[in-house]
Amino acid sequence: MNRFAPFEWIAAMRFMREGLAQTLLIIVGVALGVGVIVFMSALIAGLQSNIIRRTLNYVAPIVVVPPEQVARPQRGERSAALATVVQPRSQQLRSIDQWQKALTQIRRLPEVVAATPVVSGPGFALRGDASNSVSMTGIEPDSYLQVIGLGDKIVAGRLLLGTNDMVIGTELARDLGAGVGDKLRLTTATGGTETLTVTAIFDFGNKGVNERNVYVGLRTAQNLLDLTGGVSSINVKVQDPFAAETIAQTIQGQTGLEADSWIKTNAQFFTAMAAQSLSNTLIRFFVGLTAALGIASVLVVSVVQKSKEIGILRAMGTSRGQVLRLFLLQGAFMGLVGSLFGSALGWAFLLVWRGIALNPDGTPIFVIVLEPSLFLIAAAGATLVGTLAAVIPARRAARLDPAVAIRG
Amino acid sequence: MVEAAETLRLEGVRKSYNTGTPLEAEVLHGIDLRLARGEFAALIGPSGSGKSTLLNVIGLLDPPNAGRLLIEGRESSSLDDAQTTRLRGRAIGFVFQYHYLLPAFTALENVMMPVLAARGRPDSEMRATAAELLDKVGLTRWRDKKTAELSGGQQQRVAVARALAMKPALVLADEPTGNLDTQSADGVFEVLRKVNRDGGTTFLIVTHDPRLAQRCDRIIELVDGRIVADRPNVPSGG
Numbered sequence: 007m008n009r010f011a012p013f014e015w016i017a018a019m020r021f022m023r024e025g026l027a028q029t030l031l032i033i034v035g036v037a038l039g040v041g042v043i044v045f046m047s048a049l050i051a052g053l054q055s056n057i058i059r060r061t062l063n064y065v066a067p068i069v070v071v072p073p074e075q076v077a078r079p080q081r082g083e084r085s086a087a088l089a090t091v092v093q094p095r096s097q098q099l100r101s102i103d104q105w106q107k108a109l110t111q112i113r114r115l116p117e118v119v120a121a122t123p124v125v126s127g128p129g130f131a132l133r134g135d136a137s138n139s140v141s142m143t144g145i146e147p148d149s150y151l152q153v154i155g156l157g158d159k160i161v162a163g164r165l166l167l168g169t170n171d172m173v174i175g176t177e178l179a180r181d182l183g184a185g186v187g188d189k190l191r192l193t194t195a196t197g198g199t200e201t202l203t204v205t206a207i208f209d210f211g212n213k214g215v216n217e218r219n220v221y222v223g224l225r226t227a228q229n230l231l232d233l234t235g236g237v238s239s240i241n242v243k244v245q246d247p248f249a250a251e252t253i254a255q256t257i258q259g260q261t262g263l264e265a266d267s268w269i270k271t272n273a274q275f276f277t278a279m280a281a282q283s284l285s286n287t288l289i290r291f292f293v294g295l296t297a298a299l300g301i302a303s304v305l306v307v308s309v310v311q312k313s314k315e316i317g318i319l320r321a322m323g324t325s326r327g328q329v330l331r332l333f334l335l336q337g338a339f340m341g342l343v344g345s346l347f348g349s350a351l352g353w354a355f356l357l358v359w360r361g362i363a364l365n366p367d368g369t370p371i372f373v374i375v376l377e378p379s380l381f382l383i384a385a386a387g388a389t390l391v392g393t394l395a396a397v398i399p400a401r402r403a404a405r406l407d408p409a410v411a412i413r414g
Numbered sequence: 034m035v036e037a038a039e040t041l042r043l044e045g046v047r048k049s050y051n052t053g054t055p056l057e058a059e060v061l062h063g064i065d066l067r068l069a070r071g072e073f074a075a076l077i078g079p080s081g082s083g084k085s086t087l088l089n090v091i092g093l094l095d096p097p098n099a100g101r102l103l104i105e106g107r108e109s110s111s112l113d114d115a116q117t118t119r120l121r122g123r124a125i126g127f128v129f130q131y132h133y134l135l136p137a138f139t140a141l142e143n144v145m146m147p148v149l150a151a152r153g154r155p156d157s158e159m160r161a162t163a164a165e166l167l168d169k170v171g172l173t174r175w176r177d178k179k180t181a182e183l184s185g186g187q188q189q190r191v192a193v194a195r196a197l198a199m200k201p202a203l204v205l206a207d208e209p210t211g212n213l214d215t216q217s218a219d220g221v222f223e224v225l226r227k228v229n230r231d232g233g234t235t236f237l238i239v240t241h242d243p244r245l246a247q248r249c250d251r252i253i254e255l256v257d258g259r260i261v262a263d264r265p266n267v268p269s270g271g
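Chains Z and W, in that order, give the protein sequences.
Following my numbering, the numbering of the first sequence begins with 7 at its first residue and continues without gaps.
Following my numbering, the numbering of the second sequence begins with 34 at its first residue and continues without gaps.
Extracted from the complex, chain Z is given alone in its bound form (with noise of 0.2 Å):
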């Protein structure tokens, strides 16, 4: 017996080892509930922030453009008509009205890592005979790519934009048949023509992009787009992506510019994402519920066979709270024994999970991260859960009339 240890301690561990195999069994089906969710939840974590990280490797987290131009019908005093279709107006190419203001005061926002402007419009890029209709964005290298990972994508040359340089995609490249340190032509439909030098060619990994994607110095951006000294939009990096929404209308009321955020401009994927935490939330939801159920039924079954024990206890003068501790101990033990155990079972599937799914040069599928407090979630999670599993049994160990425990 230790020396230290309180009489409920005692007594709980006492029975817990009377009843060795049920004790064991409970304690791995609480193991195995908590391995299934660690592992569930370090995969779906992981899965998760890798497609943000790719999704937003080129795609701002927040867009920051001119408010929309809007049809106001012009009526005379008088006149009584009434205008029941207003087309909408076509929203012409314009620059954000006083956009290195703009710019300072979104850079200002605590939560904003890095802000850069661009200047973006349709354009041709022509070689020879052939031609290919681009997406152009006129970027400030240095600040841009503290917003979008285009360094990492570079597969050939340096990213490189002088005001007579351009970027261009594998697709691109390939349709034109340019390589780096060839020339391409740049027009536009404002009349706008620029011979550039290719001198990096990037790979998104998706086509579309890698087709259609063109860079080109900021500068050279405002001249073919005649948008001089302008820039068509603010791209914002935010530390919390989940809570673009929400900045961007700070942004928003701040600046009186329109700031959409990629959870509203990719709503289809970002409701794919909550789906999916949704569908965690409960897996774990449910398999913390059978742990419980678990423990809750082993305690009520040895309650039953214990009831003339625990009514001696009580005529020997235990009191009902020593009764209830007694029992609420063995739930927490369980649960926080099982999550031990559950959490290294967890760990080990993780480990063997990273070492089968592999990309076809060995590199990881899933770049999982072991977070420690995971497992301290699981571990607190499962004590909890065990204890209130033990709470309707404890009481009614602890209700226990001694004498009809000891008569019955």
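For the record, the hints were derived by calculation from the structure and aren't laboratory data.
Please note that a few of the clues may not be correct.
[As the list claims (entries may be wrong)] Derived contacts from chain W toward chain Z, CB cut-off under 10 Å, selection only: (1) 89; (2) 105; (3) 108; (4) 122; (5) 129; (6) 133; (7) 136; (8) 142; (9) 152; (10) 153; (11) 198; (12) 199; (13) 202.
[What the hints assert, rightly or not] What follows is a list of derived Cβ distance ranges for each label pair: (14) W:131 / Z:386: 53 to 63 Å; (15) W:51 / Z:398: 42 to 52 Å; (16) W:200 / Z:311: 29 to 39 Å; (17) Z:377 / W:165: 52 to 62 Å.
Glycine is no exception: its CB is placed at the ideal position from the N, C-alpha and C atoms.
Let chain Z serve as the given structure and place chain W on it in line with the hints.
Okay, now just chain W, sitting in the frame of chain Z:
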């Protein structure tokens, strides 16, 4: 006032079961009983006469429906649940027909259990006291055995030692030898007598066995919930 020498006093104690239902049945019809300190009394009577019920009422396991119950001068009806539990743990020791030892613990630990529950943590003093008690009931050699490894007589002697762990003023024994063969029964009875003689502990022993009752100092006879005879007895046969 109640004299300090009085361990137990019952005045007009009544006990009914299923009160308020058509099945209501009064088991004890006004019991008056006093036990002085150091008495060694037998409670006899036919099955169904209310012996066990009376013992449960005296043991504060079942509250009476009417009448007064005083243990060492303390009125039981004035106590709440926690105080009742405390008084029961401190003043009363139980020995049942079945020993109800905790099989997960050794003989010594079972004897320590009431003190452990009261104090919360084990200490060397309660261990020494428990060892002393086991010595008194002649089980020193078996004190570290799990109770399932002991014989019926030995288990019952552990239960007696446990009943004495809190140094109670009153020990209630319900057929303490009912499950034992004659030889073991004699052994357990001898232990009870010895504790009574050495420590002045008051005993009330429910028994069916006239041979056993004849060895007590006083015989109280209960029939149909009433005390019909209460006489002193000169112990016979040791």
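Hints versus structure:
1. Using the Cβ-Cβ criterion of 10 Å, the hint placing residue 89 (chain W) at the interface with chain Z is satisfied: the shortest such distance is roughly 5 Å.
2. Taking 10 Å as the C-beta contact cut-off toward chain Z, the hint placing residue 105 (chain W) at the interface is violated, the least distance being around 15 Å.
3. Hint status for residue 108 (chain W): violated, given a least beta-carbon distance of 19 Å to chain Z, over 10 Å.
4. At its closest, the beta carbon of residue 122 (chain W) sits 2 Å from a beta carbon of chain Z; the interface hint therefore holds under the 10 Å criterion.
5. Checking residue 129 (chain W) against chain Z: minimum C-beta separation of about 7 Å stays under 10 Å; hint holds.
6. Taking 10 Å as the C-beta cut-off, the interface hint given for residue 133 (chain W) holds, the closest approach to chain Z being about 4 Å.
7. A cut of 10 Å between beta carbons decides the hint on residue 136 (chain W): the least distance to chain Z is about 7 Å, and the hint holds.
8. Proximity of residue 142 (chain W) to chain Z holds as hinted, the smallest CB-CB distance being about 6 Å (cut-off 10 Å).
9. Given hint, residue 152 (chain W) at the interface with chain Z, holds; its Cβ is 8 Å from that chain's nearest Cβ, closer than 10 Å.
10. A least Cβ separation of about 5 Å between residue 153 (chain W) and chain Z falls short of the 10 Å threshold, and the interface hint therefore holds.
11. Interface hint status for residue 198 (chain W): upheld, as the beta-carbon distance to the closest one in chain Z is roughly 8 Å, under 10 Å.
12. Proximity of residue 199 (chain W) to chain Z holds as hinted, the smallest CB-CB distance being about 7 Å (cut-off 10 Å).
13. For residue 202 (chain W), the interface hint is violated, since its Cβ never comes within 10 Å of a Cβ in chain Z; the closest pair sits about 14 Å apart.
14. At about 43 Å, the beta-carbon gap between residue 131 (chain W) and residue 386 (chain Z) misses the expected band of 53 to 63 Å.
15. Taking 42 to 52 Å as the suggested C-beta distance range, the pair residue 51 (chain W) and residue 398 (chain Z) does not conform, at roughly 27 Å.
16. Checking the proposed 29 to 39 Å range against residue 200 (chain W) and residue 311 (chain Z) shows it holds: the Cβ atoms sit about 32 Å from each other.
17. For the hinted restraint 52 to 62 Å between residue 377 (chain Z) and residue 165 (chain W), the CB-CB distance of approximately 56 Å keeps it satisfied.
Comparing the model with each earlier hint shows violations of hints 2, 3, 13, 14, 15; every other hint is respected.
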